[in-house]
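Peer 1: Starting from the known structure of chain A, fit chain B with the ligands onto it as the hints suggest.
So the chains spell out like this:
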Amino acid sequence: MKATCWTGRNSVEVQEVPDPSILNSRDAVVKVTSTAICGSDLHLLDGYVPTMQNGDIMGHEFMGEVVEVGPGVDPARIRVGDRVVVPFPIACGACSACQAELYSCCENTNPNAGIAEKLFGHPTAGIYGYSHLTGGFAGGQAEYARVVLADVNALRVGSGFTDEQVLFLSDILPTGYMGAEMCDIQDGDVVAVWGAGPVGQFAMDSARVLGAEKVIAIDKEDYRLQMAAAQGYETIDFRNTDVRSALLEMTGGRGPDKCIDAVGLEATHGAGHIDLYDRAKQAVRSETDRPHALRQAITSCRSGGIVSVIGVYGGMIDKFPAGAWMNRSLTLRTGQCHVQRYMKPLLRLIERGAIDPTRVITHRLPLTEAPRGYELFKHKRDNCEKVVLTP
Amino acid sequence: MKRNSRSTVTLAHDPLVRGLGWASLALGVPQVVSPYGFTRALGTAPALRNRWTGAAIGVRELTAAAGLLGRPHPAWLWTRVGGDAMDLALLARALMNRDGRGSARTMAATAATSAIAAADVYAAVTRTFRSSPLELTSTVTVGKSPDEAYEFWQRLDRLPEFMTHLDEVRATGPGTSHWTATAPFGRTVEWDAETTEDVPGQRIAWRSLKGADIDNSGEVRFLPAPGGRGTEVHVRLRYDLPAGALGKAAARWFGEEPHQQLDDDLRRLKQVMETGEVIRSEGAPGGKRARSEFPQHPARPLSEEELKEALS
Ligand SMILES: NC(=O)c1ccc[n+]([C@@H]2O[C@H](COP(=O)([O-])OP(=O)(O)OC[C@H]3O[C@@H](n4cnc5c(N)ncnc54)[C@H](O)[C@@H]3O)[C@@H](O)[C@H]2O)c1
Ligand SMILES: [Zn+2]
Ligand SMILES: [Zn+2]
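Residue numbers (our numbering), protein chains in the order written: chain A, 1 to 391; chain B, 1 to 312.
It is possible that some hints are incorrect.
[Claimed, not checked] Quick list of in silico lysine-lysine cross-link-like pairs, DSSO-like style, CA-CA up to 30 Å: (1) B:LYS144 to A:LYS118; (2) A:LYS344 to B:LYS144; (3) B:LYS308 to A:LYS2.
[To be verified] What follows is a set of in silico ranges between Cβ atoms, one per label pair, in the way DEER data are often shown: (4) B:ALA212 to A:GLY121: 31 to 39 Å; (5) B:GLU194 to A:ASP46: 51 to 59 Å; (6) B:THR188 to A:LYS118: 26 to 34 Å; (7) A:GLY81 to B:LEU307: 23 to 31 Å.
[Unchecked claim] Looking from chain B toward chain A, a few residues come up when the C-beta cut is under 7 Å (computed): (8) GLN260; (9) ILE279; (10) SER281; (11) GLU282; (12) GLY283; (13) ALA284; (14) GLN296; (15) PRO298; (16) ALA299; (17) ARG300; (18) PRO301; (19) SER303.
By construction, these hints were calculated from the structure, which means they are not laboratory data. Only a predicted model underlies this, so the values are computations on that prediction, with no experimental measurement involved. Heads up, the beta-carbon is just placed ideally off N, CA and C, and yes, glycines get one too.
In isolation and in its complexed conformation, chain A is listed as follows (with noise of 0.2 Å):
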C-alpha cells in the first residue's frame, strides 16, 4: 500500500510499504477513506520530537472502512463493514487513567513507556504516527492503518454524515473542545485563544458553545485571522499589535477571564530579539520548547483566570513566568486530548449543526500529494489552514 513516511527533518514521501496486519487479537485493519495533516504533524516534520525513525508512517486523524478483525474483538462493538473514526491517542479501556477517561494518559498502550517514562517522569499512551516516545504505531496518512484494541479506539459512524463533517472527531474538534472545556467558562467571560489554526478555530467554536460571551483570536497570519473574524469573533495580529494593552483595551482593563494556547512548542514571537533567544536555545538544544504564546498567555489572563494549554510541547522550557502563574492564583490545566472521552457528545453537537467541522477545511488532495500538503500547510502557502488527503 501507499503511506506518507518521515524520512528524516523536513523531508515526507509517499513510499510503497506492506499492508498492515492483525498484531493483537483485539486488533482491527481499516481502509482509510479519509485521514488530515495536523499542526502536531509538523512538530515531527520540524524535527522537535526526539525518537523519529527514518520510514515511519506518519498521521492521526484518520477514518475509514473496518475491512479486518482480530479474534479477540467484540462483535457487538466493531464488525467488518463499520465506517469509523479512530482517535489519535490508543486506549485500553481498562487502566485506571481510561476509568477516570483520561484515555492519553493510558498506561497500557505505550510499549515504549520506559522511553516515555525518562523524559515525562511516567509514562503515556501510545498515538498513531507519532514518534517512538509514543510508542512507534503506524499512522494513519496511508491507505489501509491498523487500529489497536479496535473495540476501544473507534467510533462507529452511520451514514447520514460526510467523511469531512466526522474526520475531525478523531482529534481536532475534540481538543479544541477540551481547550475550551477545562475554561470553565462561566457567564461574560472572554476566552481568548493564541493560534487561530484549525485547533485555535475549534477551541474558539467551542468556546462559543459552551457560553463564553467574546471571544478573541491572536494569530499573525491574516487569512486565519480572517477565518475566525468571519465567525464573529475578535482578532489580534501579533505581528503589528502588542497582545497585552490589545487584550486590556478590549476587556475593559481586566483582562481575559480564560486563555488558550493553541500554538504549542513552535511559537514565534512578534519581537525579533526575544524569538531569537528561544531559538538560539532551542538550536544547542538548552531548551526544546519556544512558550512565547504560553508566556504571553500567562501573563496576560486576568487574576484568579484559567490557562488552558492544547497547543503541544516536549520537553523543556525557559523563563516560564512562575511569579504571575502563582501569585496571580492563575490556574494552568492542560493535557493530550482525551479524545474518546468528547466523540459521541461532539458527533450530537455536528448533528444538531451546533458545529461545523468543514468550516476549516482548504485543501483537498490525494494521498499521494501529501509531501505538497505538509508544505502548504507549514508554510502557511495558498492560504492553507487544513489539508484533507484521500487514498
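Peer 2: Positioned in the frame of chain A, the structure of chain B with the ligands alone reads:
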C-alpha cells in the same frame, strides 16, 4: 533496585584476603628492618647489589599489608600479583647468576614464591570476579483484586508472557517447577525451583534448587492499593551471578540497567492482566522484546518474514 556488589565489608572478613595481608606484613617487616640479612637468607644477595632493593620490596609488602588489612579492595590483591612477578624475576636472575653458594636456598625461595603467587592470582581473580548477588525490586499497581493477582501468579507458568528473559516455566509437581530462560548468544539456561512460601492472596516465594545454572530466588507480594485502586504487586528477584566470564555474560543479559527490565516486565504484567495481552506496535512488534530492539523497526507494517519472526 539495589545492587549489593562486593564491598570492602565482605573482603574485610574474607579469610584468604586477611591471610595474604598478614603474610605481606610478616614478609615486609624483616625486609625493611634488615634488608641485607633477609636477602642473604634467601640466597639472592649477589643479585642484589643494592640492599635498598630489599628494603623497597619490604615497603611494597607493608603497603599491600596495610591495604589488605585496612581498606581491603581487589586492587591490593593485584598489587601482590605484580609484586610476585617482580620477585620471581629477581629470583630467576639470581638462579642464573648463582656462584654456587646458596642456590638450593634460592630454589626453595622460588618454589615458595611461586606457591604464594598462585595463591595471590587465585585470590585476585576470584575476589575481582566473585559471584555477587544482584537484587532487583519493582512494583506496579494492577486493577485487579489481590486474589485475582495471586491467582495469576500462583502457578508461575504465566511469567514468560511478560518477563523478557523467561521462555518457559512448567509446573513439575506440587510446589516445584522447571524454568527455561534465554541467555546471551542464544544460550539457554535452565533450573528447577521450589515454591518456598505460598500464602493465598498475599505472597508467593520461590528459589532455585541445587544445580541451577544461575542460583536465584524470587518473591511477589500482593497488597491492596488504597481507595479501591486495585492491587500493588511487589516483586523482588535475587540472582547469584557466577564468577568470571559467565558472570559477565549474565550481567550483560540483564542489560545496563537491570531494574528497568523488571520495571518493563511488570508494565507488561499489567497489560496482560488488564487488557489480556502484551500490546505490540509496528515499532516494537516483538512485544516483550521491545526495549532490546532499539533502534526499532520503523513504525510501518511488517513484511511477511518480519511478521513471522516478530510473532514467533
Ligand atoms: N492537545 C492535543 O491533544 C492536541 C491535538 C492536536 C493538536 N495539538 C497542538 O495544537 C497546536 C495547534 O495545532 P494546529 O493544527 O492548529 O497547528 P497550526 O500550526 O496550524 O497552528 C498554529 C498557529 O499558531 C500561530 N502562532 C504561532 N506563534 C504564535 C504566537 N506567538 N501567538 C499566537 N499565535 C501563534 C501560527 O501562526 C499558526 O496559525 C499544535 O501545537 C498541535 O501540536 C494538540
Ligand atoms: Zn493532531
Ligand atoms: Zn488504559
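Peer 1: None of the hints should be skipped; say for each whether it holds.
Peer 2: Hints and how they fare:
| no. | hint | in the structure |
| --- | --- | --- |
| 1 | B:LYS144 to A:LYS118 | 27 Å, holds |
| 2 | A:LYS344 to B:LYS144 | 29 Å, holds |
| 3 | B:LYS308 to A:LYS2 | 22 Å, holds |
| 4 | B:ALA212 to A:GLY121: 31 to 39 Å | 38 Å, holds |
| 5 | B:GLU194 to A:ASP46: 51 to 59 Å | 58 Å, holds |
| 6 | B:THR188 to A:LYS118: 26 to 34 Å | 31 Å, holds |
| 7 | A:GLY81 to B:LEU307: 23 to 31 Å | 25 Å, holds |
| 8 | GLN260 | 6 Å, holds |
| 9 | ILE279 | 6 Å, holds |
| 10 | SER281 | 4 Å, holds |
| 11 | GLU282 | 4 Å, holds |
| 12 | GLY283 | 2 Å, holds |
| 13 | ALA284 | 4 Å, holds |
| 14 | GLN296 | 5 Å, holds |
| 15 | PRO298 | 3 Å, holds |
| 16 | ALA299 | 4 Å, holds |
| 17 | ARG300 | 5 Å, holds |
| 18 | PRO301 | 4 Å, holds |
| 19 | SER303 | 5 Å, holds |
The structure is consistent with each of the numbered hints, conforming to all of them.
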